[in-house]
Amino acid sequence: MLPGVKVLGQGLIKGTIYDEKQQPLSYSTVTIKDSVNKITLNRITDNDGVFLFDNVKYGSYKIYVSSIGYQSFSKTVVISSSDKQAELGKIILKTDSKMLAAVTITGRKNLLSIQNGKITLNVANSVLGNGSTAAEVLKAAPSVRVDEKSITMKGKSNVLILIDGKEVPKSTMAALLNSMPSDQIDKVELLSNPPAKYEASASGGVINIITKKGQAPGLNGTVTGGLSQGKEFGENASGTLNYRDGRWSILGTGSYSNRNDFERGYNDRTFTPNNTYSQILNSDFDLGAQKRAATYKVSVDYLASKNNTLTFAVNGLYNRLTNNGNSFTDVIENGITSQNINAVSQMYNRIFFQNYDLTDQWNIDSLGSSWSNSLLFSRYNDNSTQFFNQNFVYPGGITQNGAFRNGTPSVFNLYTYKSDFEKYLPGHNVLDAGIKLTGIKSKSEPYLDSLLNNQFIRQQDATLNKIDYNEVILAAYVSDTKTYNKLTVTPGLRVENTSYDIKNIAKQNYFNLFPSLNLSYKVSGNFTTSASYSRKIDRPNYSDLIPYKQYLDNYTVREGNPLLQPQYSNVIELNEAYKDYIFSATYTYATDQIVPLFTYDNQQLLYILQPRNLKSAQMLNLSFNTPVKLVKWLNTQLGIDGNYQNLNIDNISGISNVSTTKWTYGFNVYNKLTLTKTMSADVLFVYQAPSRLGLIDINAYNTLNIAIQKSIFKKKGTIKLGASDLFYKTAPIITTNYYPFVTHSIDRSDSRRATLSFTYRFGKPAKKANSNPDYRDETTKRLNL
Numbered sequence: 001m002l003p004g005v006k007v008l009g010q011g012l013i014k015g016t017i018y019d020e021k022q023q024p025l026s027y028s029t030v031t032i033k034d035s036v037n038k039i040t041l042n043r044i045t046d047n048d049g050v051f052l053f054d055n056v057k058y059g060s061y062k063i064y065v066s067s068i069g070y071q072s073f074s075k076t077v078v079i080s081s082s083d084k085q086a087e088l089g090k091i092i093l094k095t096d097s098k099m100l101a102a103v104t105i106t107g108r109k110n111l112l113s114i115q116n117g118k119i120t121l122n123v124a125n126s127v128l129g130n131g132s133t134a135a136e137v138l139k140a141a142p143s144v145r146v147d148e149k150s151i152t153m154k155g156k157s158n159v160l161i162l163i164d165g166k167e168v169p170k171s172t173m174a175a176l177l178n179s180m181p182s183d184q185i186d187k188v189e190l191l192s193n194p195p196a197k198y199e200a201s202a203s204g205g206v207i208n209i210i211t212k213k214g215q216a217p218g219l220n221g222t223v224t225g226g227l228s229q230g231k232e233f234g235e236n237a238s239g240t241l242n243y244r245d246g247r248w249s250i251l252g253t254g255s256y257s258n259r260n261d262f263e264r265g266y267n268d269r270t271f272t273p274n275n276t277y278s279q280i281l282n283s284d285f286d287l288g289a290q291k292r293a294a295t296y297k298v299s300v301d302y303l304a305s306k307n308n309t310l311t312f313a314v315n316g317l318y319n320r321l322t323n324n325g326n327s328f329t330d331v332i333e334n335g336i337t338s339q340n341i342n343a344v345s346q347m348y349n350r351i352f353f354q355n356y357d358l359t360d361q362w363n364i365d366s367l368g369s370s371w372s373n374s375l376l377f378s379r380y381n382d383n384s385t386q387f388f389n390q391n392f393v394y395p396g397g398i399t400q401n402g403a404f405r406n407g408t409p410s411v412f413n414l415y416t417y418k419s420d421f422e423k424y425l426p427g428h429n430v431l432d433a434g435i436k437l438t439g440i441k442s443k444s445e446p447y448l449d450s451l452l453n454n455q456f457i458r459q460q461d462a463t464l465n466k467i468d469y470n471e472v473i474l475a476a477y478v479s480d481t482k483t484y485n486k487l488t489v490t491p492g493l494r495v496e497n498t499s500y501d502i503k504n505i506a507k508q509n510y511f512n513l514f515p516s517l518n519l520s521y522k523v524s525g526n527f528t529t530s531a532s533y534s535r536k537i538d539r540p541n542y543s544d545l546i547p548y549k550q551y552l553d554n555y556t557v558r559e560g561n562p563l564l565q566p567q568y569s570n571v572i573e574l575n576e577a578y579k580d581y582i583f584s585a586t587y588t589y590a591t592d593q594i595v596p597l598f599t600y601d602n603q604q605l606l607y608i609l610q611p612r613n614l615k616s617a618q619m620l621n622l623s624f625n626t627p628v629k630l631v632k633w634l635n636t637q638l639g640i641d642g643n644y645q646n647l648n649i650d651n652i653s654g655i656s657n658v659s660t661t662k663w664t665y666g667f668n669v670y671n672k673l674t675l676t677k678t679m680s681a682d683v684l685f686v687y688q689a690p691s692r693l694g695l696i697d698i699n700a701y702n703t704l705n706i707a708i709q710k711s712i713f714k715k716k717g718t719i720k721l722g723a724s725d726l727f728y729k730t731a732p733i734i735t736t737n738y739y740p741f742v743t744h745s746i747d748r749s750d751s752r753r754a755t756l757s758f759t760y761r762f763g764k765p766a767k768k769a770n771s772n773p774d775y776r777d778e779t780t781k782r783l784n785l
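At position 504 of the sequence shown the residue is numbered 504 (UniProt numbering), and the sequence of numbers has no breaks.
Note that these hints are calculated values from the structure, not bench results. Each hint should be verified, as a subset may be incorrect.
[Claimed, not checked] Derived DEER-like restraints, expressed as beta-carbon distance ranges:
#, residue 1, residue 2, range
1, Ile706, Ile336, 48 to 54 angstroms
2, Phe727, Asn570, 37 to 43 angstroms
3, Lys231, Phe713, 30 to 36 angstroms
4, Leu425, Lys507, 40 to 46 angstroms
[What the hints assert, rightly or not] Simulated crosslink set (DSS-like; lysine-lysine; CA at most 30 angstroms straight-line):
#, residue 1, residue 2
5, Lys507, Lys441
6, Lys306, Lys90
7, Lys729, Lys662
8, Lys549, Lys522
9, Lys94, Lys75
10, Lys677, Lys715
11, Lys187, Lys715
12, Lys677, Lys166
All C-beta atoms, glycine included, are put in the ideal place defined by N, C-alpha and C.
Using the sequences and the hints, build the whole thing.
As C-alpha cells, then:
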C-alpha cells in the first residue's frame, strides 16, 4: 500500500515504514539500487520507522524494503530535473505467514565487528538494544568490566568514556550510564589501543557510545522511576526529553538518586622494621552512609545552514555523601596490647560540577568531511570534611579522649579549546588533524584542627596552607588512513606539551611525541586481522599530585605526592576476528608506573599511603570473546581474559620480599533470555581470579546479577525486577606484603540489592515547520558503495 509520490525539493528519497496495525517498524532495511550504474545504498529505519536518502543523483532507482517477519516490498522511482526529490509517505508491510521465509536481511550486522583495530558492538536491532541500560550494555562488551566504582578494559583502568564523541566526566559517568536506556544506543565502539586522534592519556582505551539519530520531528522522551532494597533502602528517578522541529533540536536529561548504604569490614596492618620491634593495628569499622546525587544535561542544536550546525550544551552534577559510625582498633606492640581505640567518625562530602560546551560543526562535502570547533568550560567544587572523636584505653584502665577534624575544600576551573578536521580524499584516503588547548586552575585550603580545651586549634603545617595549582596542556595530532585493496594503513602522530605549577611546592614542564600505527587486513568477508602500536601517557590524578592530607583514621593518612612523574606506556596489539569471534593479544611496557605504597613516619607515628613511581612494568593481556547460541530463546555472550604482570621495583629503596610477577584470569557470561514476546530476562555472571594491581594483591571475587522485565502499554512501558550481587562476593580481600608492611583489609557495602523500576516512553510528532530536508544527518552519512 503506497500513497502517491510528492515532489518536495532536491536530491531526497524519504519514507516511513509501518506494519498493518499502523505501528512504525524500526530497524527495517531499505535499499535503493541505481539500474544504470549499479550503485547500491542502504539505510536502517529509526525508532519512528523513518528512512532518508539524500544527495541522490538523477536516475531510475529500485527501492527494496525488508523487515524480519514481514513480506518484502519493492518500488521503482525516478529522480529527474522535473522531479528532483520524492517522499514516499507510508509504506505498509504485511505480515509474512511463513515467518522470515521471504524476508531479505540485506545490511543486517553481526553483533560484533572489527575494522582498523576498532571493535564495534552493534546494539541496535540486537538483544542488547531492548530493555537494558548503557551500563548493562557495557557489561556485555568484549573485555570490559563494569562495577559501581570503575570501568576497566583488558585489565586496564583509565578508560576514556565518550558519548557521540564527547567526553563523559567521571563524576557523572555512573549516573548517566545507569539512566541511559539501551534503545537509545546505535552501537558501541571499543578502541583498546586508540589512534592519535584521541587523548594520549587514554592509556586504558576508549569506549565511544554512539546514540541513534532520530529523523522524525516531534516530541518524545522517557521517564524512569525505581526503588531498591538491600539492608538499606534506595530510590531513583530519571528522564530524557527530545524535541525537534525545523532547524531546532533540543535534548534534556536528568536523574536523581537517594540511597542509604554502609561500609563494614576490617583493616589490619603490621609494621616490622627490624627483629626487635613489631606493631600491629587491628581495626574493625561499621559506618552508615547516605548517598544523594542529581545530574542534568540540556543540549540545543541549531541548523544555521545546510552545512553548519551550532550546538550549545550544559550538564552538571550535585553529589552529597555523608557517613558516620564507629571503628575499633587494637594496637599491639611486641605482642602486648598497648592501647584500644574507640573512634566515632563523621564524614561530609559535597561535590558540584558544571560543564558548558559550545560547538560549531561544518560539513565540507557529501562524503562526510567535516571541521568542528569547540569551547568548553568546567567548574568542579569539592568540599570534604572529616571529624574523628576518639577514646583511648591504655593498660591499667587509663583513658584519654581526643578529637580532630580534617578538610580538603578545593575548586577546579578547566578551560578547553579544540579544533578537529576530517577530510575524505580520492582513492579511499582519509586525513585527520586537530589541535587542543587545555588550562586548569585550582585553589584549595586543606586544614587540620585538633580539639584542645573544647576548642579546635588550627595545626601549622607547610603542606596545609593554601595550595594553588595551574596546568596547561597543548596538543596537536595528524593521521592518515589509506586503503590498498584489502589492506588499510593508519599512521599517526600526536604531540603534547604539559606544564604545571604547584605554587611554592613543585613545577614541571615536559614535551612528548606519541606515534601510532594501525594495520588492518581483510582476509575474507568474515575474517579480519589487525595489528597496532601506540605510545601513551598516564598523568597523575590531581588528588595524587597535590599534597592533600586525608586522614583515614588516627594512624593512617592518604597524601598526594608532588614529585610524582607521569607514566608512559608502549602498547602493541594484535586482533583476529572471524564473524562474531574475536581474539586479541595486547602487550604493554610501562615506565614510571604509578602505584600506591605505604611508608611509616616514626615522628608522627603515621602510616602514609602515597602514590609512587616504579621503575617499569610489563603487562600481557589475552582475550577471547564469542557469542554462544544454544537454543533459539537464549543469546549468550562469553568473554575470557588472561593477564600477566611483571614489575621492576629496583628504584624503590627499602622494599623487599615481594613477588613482582602474577598471572591471573577472569571471565564474564552475559545471557539474554526471550521468555515471551513481551517478557525477557538478563543474567550476568562475572568471575575474577586472584589478581594484582601494582603491589596490591586482590583475592578472587565474583558477582551474579539477574533481571526480568515485561513490556506493557504496547511496548511503551517496561517493568523491570532485578537483583545484584546475589552471592555477596563482589568485595574482595585486599592484601599487601612487602617489607616492612603487611596489610589485610576488606570493605563491604550494601551491594546485594533487589531493584524494581518502571520506564515509560512517550512521543508526539509535531507538524513540520517547512519541507526542507533534514541536513543534520549529513554529518553521519557516507556513500555506502
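We went through each hint and held it up to the structure:
1. Ile706 - Ile336: 48 to 54 angstroms: holds (50 angstroms)
2. Phe727 - Asn570: 37 to 43 angstroms: holds (39 angstroms)
3. Lys231 - Phe713: 30 to 36 angstroms: holds (34 angstroms)
4. Leu425 - Lys507: 40 to 46 angstroms: 43 angstroms Cβ-Cβ, so the 40 to 46 angstroms window holds.
5. Lys507 - Lys441: Holds - the C-alpha atoms of lysine 441 and lysine 507 are around 14 angstroms apart, at most 30 angstroms.
6. Lys306 - Lys90: holds (26 angstroms)
7. Lys729 - Lys662: Given pair lysine 729, lysine 662 holds - Cα atoms ~22 angstroms apart, limit 30 angstroms.
8. Lys549 - Lys522: violated (54 angstroms)
9. Lys94 - Lys75: With a Cα-Cα distance of about 15 angstroms, the restraint between lysine 94 and lysine 75 holds, given a limit of 30 angstroms.
10. Lys677 - Lys715: holds (10 angstroms)
11. Lys187 - Lys715: Roughly 22 angstroms between the alpha carbons, so the hint for lysine 187 and lysine 715 holds.
12. Lys677 - Lys166: violated (36 angstroms)
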